[in-house]
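Got chain F sorted already, so can you dock chain C onto it with the hints?
Taken in order, these protein sequences are the chains called F and C. Using the numbering used here, read the first sequence as starting at 758 and increasing by one per residue. Using the numbering used here, read the second sequence as starting at 889 and increasing by one per residue.
Quick caveat, the hints were computed from the structure, so don't treat them as lab data. It is possible that part of the hints are untrue.
Said to hold, decoys possible - Heads up, simulated DSS-like pairs for lysine-lysine below, C-alpha to C-alpha not over 30 Å straight-line:
1) F/797 to C/1074
2) F/793 to F/897
3) C/970 to F/797
4) C/946 to C/1077
5) C/1079 to C/955
6) F/797 to C/967
7) C/1084 to C/890
8) C/969 to F/797
9) C/1073 to C/1084
10) C/970 to F/895
11) C/1084 to F/777
12) F/895 to C/1073
13) C/970 to C/1084
14) C/1078 to C/955
As the list claims (entries may be wrong) - Listing some non-contacts, in silico: residues in chain F with all C-beta distances to chain C over 12 Å:
15) 825
16) 827
17) 828
18) 830
19) 837
20) 877
21) 892
22) 922
Cβ coordinates follow ideal geometry from the N, Cα and C atoms, glycine included.
What follows is the residue order along each chain.
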Amino acid sequence: MSYIIPLIFITVILLSVIRKQDPYSLFIQGSSSSLKLMMKVFPYLVTVMIAVEVFRISGVSGTVAGFISPAMNFVGIPAELTELILIRPLSGAGSLAVLENIFATYGADSDIGRAASVVYGSSETIFYISAVYFSQTKVKRLGFAIPIALISTFAGSIVGVFFVGII
Amino acid sequence: MKIVWTLMMVVSIVTLLILNPQNTVVAMTRGANDAVRLSMTLVALYALWLGFFQILEKTGIANFLAKILSPIVKFLFPKSKKETRQYITLNMSANLLGLGGAATPMAIKAVGTMDTGSTRASINMIMLLVISSTSLQLMPMTVISLRASHGSASPADFVPASIIATVVSTILGITLVKIYGLFLKKREKKKEELGKSELIIKEKTKKELPLSVFKRQ
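Isolated chain F, as found in the complex (with noise of 0.2 Å):
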């Protein structure tokens, strides 16, 4: 797996110079809009992050997981991993913080270890996504789109959660 990367790089470098183009003025052309892209991207980035870390250290993230966790039992989910479940779609930082801690604390081969890898592995940062997406249009009325999101990752998670262990 680790070939791929360098391999595709080197594949594209040469093809454009076989093609008769410039890869240099070109990767320039294109990193230029780096900078750009984040002046617009950054304050959806600072506004969701904050809200997202009074969230955790307030504690309501982990009263919420305890309500909520009775529910994750029925569907076959450990209760351990409704906080990261929660904190998941809101922020890639702050649920890996949860992900380090389950590690730390269950340990990374542990029944609830590798189902919370399944999950973090095959989820988004959803409400993150969706607002950097739209940063550059006038959408504001998303419709069904964040809920399909959730409830399909959330089967997914349920499956996946189901299936580690088994395998």
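Only chain C this time, still in chain F's reference frame:
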């Protein structure tokens, strides 16, 4: 998002106010700091991948990839522009390889080409958002390396289950968006019909108007 954010802020800050008010500013500052640190990482990642993708685009490789994947992309994103499909193809390839940092700028560009200036997200935008969220991923590198650093005996042993999970969530997500799209279409048709009948009524009243005016005179 509006509601979620406001709720999170209000409930959390009220709780902090009761339990330990001095932590409020600490927490908010830490969140802002995290965002700055993350944005620096992302600027670097965006620069790397946007540069790389510029080569892909101008060399015609992006076009080639888009052609190969076009049956799938056309099914998922009907009536999309060629340019949009190119960015979506790159976004999907990056996601598959587990390069989230590379996938995001491509998705932003794809959404940009789909933009009509409307405040309502189109069904194709919703599809892109859902597909990115369910993240069909072959190698969740972050988790693997984190497990390795916590002394796991085989850090990648959860990957099959994780792939099953993303396949399930992706298929379910696509199905739900397609159903939602059908529902939206129906609603639009109804609205159009309503609009037509209203027009007919208006025309009728217009026609009748001169008569009544005439009568009064």
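Notebook entry, point to check: Checked against the structure, which of the hints given earlier come out wrong?
Noted result: Violated hints: 1, 4, 5, 7, 11, 13, 14, 20, 21, 22; rest satisfied.
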